[in-house]
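Residues per chain, in single letters:
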Amino acid sequence: MGNTILKMQNITKVFPGVKALDNVNIEVTEGEIHALCGENGAGKSTLMNVLSGIYPFGTYEGDVIYQGKVCRFKTIKDSEREGIVIIHQELALVPYLSIAENMFLGNEQATNGVINWDLTNQKAAEFMAMVGLNDSPSTLIKDIGMGKQQLVEIAKALAKNVKLLILDEPTSSLNESDARKLLDLLIEFKETKGITSIIISHKLNEISYCADKITVIRDGQSIETLVKGVDELSEERIIKGMVGREMTNRYPARQHNIGDVAMEVRNWTVYHPFYANRKVVDNVSINVRHGEVVGFAGLIGAGRTELAMSVFGHAYGTKISGELELNGQPVKLTSIPQAIEAGLAYVTEDRKGDGLILTNSIKHNTTMSRPAFISKRGIIDKDLEKLKAEEIRVKLGVKTPSVEQDVGNLSGGNQQKVLVGKWIFAEPDVLMMDEPTRGVDVGAKYDIYQIINDLVSQGKAVMMISSELPELLGMCDRIYVMNEGRLIAELDAKDASQEIIMSHIMQDSKGGIGA
Amino acid sequence: MNTRKRTAKIDLKQYGMLIALVAIIVLFTVLTGGKLIKPMNISNLIFQNSYVIILAIGMLLCILTGGNIDLACGSVVGLVGACAGTFIIENGWNVYLSIALCLLIGIAVGMWQGFWIAYVGIPPFICTLSGMLVFRGITLLILKGMTLAPFPAAYQQLSTGYIPDIVNEFSLGGTKLNLLCLLVGVLIAVGFCASQVIGYMNKQKKGYENQPILVMVIKMIVISAAVIWVFYLLARYRGIPTVLIILGILLVIYSFFTQKTVRGRHLYAIGGNMKAARLSGVKTKQMMFFAYTNMSFIAAIAGLVFAARLNSAAPTAGQSFEMDAIASCFIGGASAYGGTGTISGALIGALIMGVLNNGMSLLGLSSNLQQVVKGLVLLAAVAFDVISKNNLIQLPKLFKNKKSSATIESV
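Quick note, the sequences are listed as chains R and A, same order. Using my numbering, the letters of the first sequence map in sequence onto residues 1 to 515. Using my numbering, the letters of the second sequence map in sequence onto residues 1001 to 1411.
Same shape as in the complex, but just chain A (with noise of 0.2 Å):
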């Protein structure tokens, strides 16, 4: 069938990266014995990572209009959290106007920088590049280069708080678990699961094509059970970070807005052909000058809570972020030349990043070492993209007798 040749060619970027998450899962967690994928790890996991993960959301968007980077974003962290603890700890103001006030100077700064490059027309290398020293600057004018702590604790739970359980005591067979974590977990699976069948039948009733039903129930399957578990390792330790729900919510509206509007059907316009993009009505400008309003407002929310985890505010926070969230990108298959890329792949991309630090830290291994092998895994990542492309034709033969699905399995 044709179109399940064409799922198994498709899914084969995203996928392949997603099985090398799987693998670098279960090497560390054999190499850990089983320290890895420990209740208390998995939380810190999602900790270490929130804000790399943040950060990649919008440098994918930047990224997807020509692999445009941002070079300023880990100084807009460190500025907002800079700002963040000058009105809170100095000056004491309400935590969650502080907030506020805070996000709209991150989209102030993404303005700044949107204006350079999409209207005056610098190129964002060198834009950003002047921003990150700007905002690394006045970060330091700001804190004096001093640190700011501690933070009230109504800040904190922003970033290292879990949400409270709805009872008090619950266990099951002899194990203390945090119901309300494990429900959400559930619901979440349900969630998908209803969603995937509607879709399959609101697709069959307007007779358009669909997928295979076989293929249908093991992505079903193999999902739902990765949230139930990855949920219920949560439930044993605290519940769920408050983290989590700011990164999941970010995720779904980032995810929709890419694949589903037609702004983000743009950005991959603009950077598959820029000049095809125009000549075809999109306001390429516009679009430009919003991604980089865009990537500061993450940075700005990435900037807060790495604020609230350090429970301080840092001259040097967020120094070198904007390479993890690049890299993350990169490796979660995002073109350098830009016009392709998911959210979901940088996420892969962040994750497995995450899980190599964490990994490594876990077996003892020197920082310095880590960032060799994070650097080669970068290159690895790239030349698997760079070599496949070359190998278009090649690569789907050789999944040419296996079903889509076999792909999915092998996770």
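In isolation and in its complexed conformation, chain R is listed as follows (with noise of 0.2 Å):
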């Protein structure tokens, strides 16, 4: 094998209450297909914008060390100087231009600004015969696949002259025979021009299937790395790795008092809004029982987020399909007021994007929910809304002086009180809660889970979408497990554990992309 050309040393990285990257140390040597591994939030993403200098030099403690020399970079320009190139995973390239434009953005085949377009055309013409892409450098993004999309990215990459390739789950959105590809092509360049690669990928197989190395990241901590020779890679082995943490007691006790089945969803089957062909949530068969926490286990993507929002009254989706019971009578909710009016409620994932109005006041956030509690033939009475929204700000421990400040001002963890208790105040009968303690520290966490538990102690029933294993395992008294968007297995929280669940996400993606 090659020499290191990256060296990750000590790298911390914290953000305002959160320590996102703990001491990291990874090593990469030229030529190889470098795997990292590590569950939703585990840091891997954040490791790598520290990498390519997304996160600026000073941002971070630790070293960044890149063919032997310290790297200082302050833009994604810097690294890509240096030849390292990151594709994230959301793709960013401009739908309405087209693949030679795309190719060249920020990198113009120009003399004195003015863009010699024949020269972009023959070059990218190259590029894309590289990486096995044999269609017209005029054709626009949005005309081609996500998987030839994927190839564009990487023939940009190219043509920046790489060196280091850092793909964040470059699959996560190709079908099997394109992901295939898409990783042998990787090979390929490896055996090749000797083009380095880290990969960031959920899909074990994948990873069994072309990693020369493999760095498992478990809280922002670096576990492991194995070897490709030395230790076993089985997916067995990875997902020790990925979930084996010690469990402390980091769930408060609850009573179990559970009572009638609440909601019942049976058989719901939602199509995506815009690709009118594509099912994100397929004949999915749910109940929540009163008094009860139900969690869902999946991977992004496996439709949980949808089935939630679509039972809310619609508020995702089309040619929504499927019965709805709550506490036994059928109901069809076709608008949000009226699921609000029918006692649910759904605490969304994206507390600044689609949660709160960061720059109302508590005040205001915490009664929008359901303004008929504080005014009368839709006249405000604002002393009454004080009132109340102090009590809920007093029961959800929200750190402020006052209900008057703007929720843009507040910390991270006491954002989300206040979105979980805008919910309560609404005095819903079933809360379902998507990413309940996403991005919040630890401290405010158990308090959100001390607040779950008061809400089942009092009978409600408490959905609880999460992508951190433990929360669920910790919190729940029943786990459904979803991916792609269908119900894959029900399991007693009891019974369940980290390595079940995982092994039954990765049992199911794999029959869709091994055979």
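If you are wondering where the hints come from, they were derived from the structure by calculation, not from laboratory data. Being a predicted model, the structure only gives us computed values, none of them experimental. Careful, some of the hints might be misleading.
These stretches of chain A come out as covered by chain R in the derived footprint (C-beta under 8 Å, 3 or more residues) [stated by the list, open to error]: (1) 1205 to 1218; (2) 1250 to 1264; (3) 1268 to 1276; (4) 1279 to 1285.
Where is the CB? At the ideal position from N, CA and C, for every residue including glycine.
Assemble the dimeric complex from its two separately framed chains, guided by the hints.
Given below as structure tokens:
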């Protein structure tokens, strides 16, 4: 094997309230495919962002040593100049520009600012041939499929004279044959051009297929590095590294007092709002009981959010079919106000984007979900509003002197509590909580678990969608596992373990990609 | 005390513009040797700015929904004026029936625009740009490019008229005064004070947090004095202009709507975060539809008032009024991204522009120069907004040691 091309030493990256990376070490040898494995939120993408200069030098601790030199990348341009190119999970292509234009975006083939289109197209065609793309360079990006778009990204990287290629979940939106083609391409580049790749993927069978080395990251720490030919690289071995954290008492205990079925969903199918033929939820049947926390496990894109939102008054998706029963009564909820009225609440996973109005006060945010509670005939009783909002604030322990404070000024944990409080204010029977502890620190997490426990002790039903398996295992009575829009398993939390859940998902994904 | 510091912070932006308005009034009063605040000129100020203030009320609701503007409202002013002219002058229809019909036409126009914006998803800028051309064109078609005049006296009363006095002759200390006008001024002041006191006592009774008594008293004194003074000046001229009544009613209704009703709150929520509002059960499309329907309804009122003031239906009536209305809202502290802004702010913004116009005219400055000044004032006001937002943390510090009452006192 060759020389070490990249060494990241003792990398620590702190976000307000969260330590995303904690003393991470990784060493990549020239001309290898190095896989990064870890759960959602383990810190893989953060690490790659440190490497590529998205988080500039000085905002993290530790050293990035590339080709023997300590790097001080200020921007992504700096790292690209050194031949480090990152391809993100969400592709950064401009849909209404051509393949050639996209390929040389920011790297235009120009003299004195005037673009030479002949040269651009000719060069584009060269690089496209290398990745096996035989479309015309002037084809618009929007007219080619996801698989080809991924290839355009790689061709774009080649055009930048790439030495170290980083791919973040490159196959997540590809079908089986496109994914295999992509991996083979990486192997080919490694062998013929000596290009080093770092690949982040959830699909462990793909990693086993192409990786020479695997570094496992968990909770912002590098756990171990497995080497092909030395260590066993089976999926079971990788999963063990990914989830094998020690479990301390991070979840408050509660009395289990489970009652009747609060919400029953049968044969629920939802189609994508834009791609009318894509099923995002496929014939799912679930139920949640009073006093019960039911977890939903699955990878990003498994259809959990889509399921919850479509149940919540058809807030997402088209051609929604299936039956919904609340407390044994069949209901049809086709608008969000109806759903709120019927006693449903959906606590979004994206609190800043979809949940809170950051420029408004805690008070206004809290009462927004159910203005009828603070108004008569459409006229708001401002004093009552303040009183009620204050009650909720105290109940949830939002740390701020007053409900007049703008939500945008609060910490992530406090914002999350306001978001949860907003829905508690609406007095729902069934709370669908989507990633309720995303991006909040350990203390706030514990508080939110406590709030969930209080809710179920009052007989409310909680549906908890989370990508953190330990959280699901620690909090839930039952766990549904979803994958690619389908319900693939229902587990009693007592019998479940991270390994069992992960292997359900892997088994199912393999069914799709293997063969 | 916590509450006091907070009041000072919140009031900063609102009072900032109020202070600017007062400063401009004082400046021009001095520069014009007192001409600005002559009773007749106050009356003129109200006539000159009434339709811009009316339009600004409607515009504010649109801006609240996310910085969306309505470029068509100037054309709607023209269209409604043309309709009024055709109905009343050409066809000789009943004035009040014609007015009702014109308002309905305004609502219909608004529904047309609201439909495309809310339910089809056309960006408001483009949709109303189209409306601006379409409705101006229809105006020209209706009037065949000509001006219709004059309106009957009953219609003119709408804008240039005054409310007749209750007694024939009344004078105080040798000055002839309009008694009704004076009484109304006093009544408004008393009403305002009473509502403050009742509100205070209600809160006290229910044990809610209350404003400090001193702040309340100062607020009462300052506002009452200002109201009585303005009405006194009006009384020295010809009394209460009819249009002031229309304005007053609109300002009260829309202030109440935006500040106290659930629907009003929804407008702010949509502008603050459309997706979050939708997921909280706000009928976002319905509210967008409402905002634009309302805008054209308001533009119809402005159109009627303006036609009455011109005493004619002119094909160019209302041209570029939309710009004045938009500028008023932004000068008055509405955010260009939506979600913040008040009716009183829009009023203050419109008055700042109006006083600048009037004052510069009195000084004999050319209208070309006036445009430059108005443009710069708009830029300065929004720059103040943007900079104060970026320094959100530093600015309140300036006011930390003063009580909120201090801010008011300086008024």
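Against the structure, the hints:
1. 1205 to 1218: holds (count 3)
2. 1250 to 1264: Coverage by chain R holds for the segment 1250 to 1264 of chain A (4 residues, Cβ < 8 Å).
3. 1268 to 1276: With 6 residues in contact (Cβ-Cβ under 8 Å with chain R), the coverage given for the segment 1268 to 1276 of chain A holds.
4. 1279 to 1285: holds (count 5)
The structure meets every hint from the earlier list without exception.
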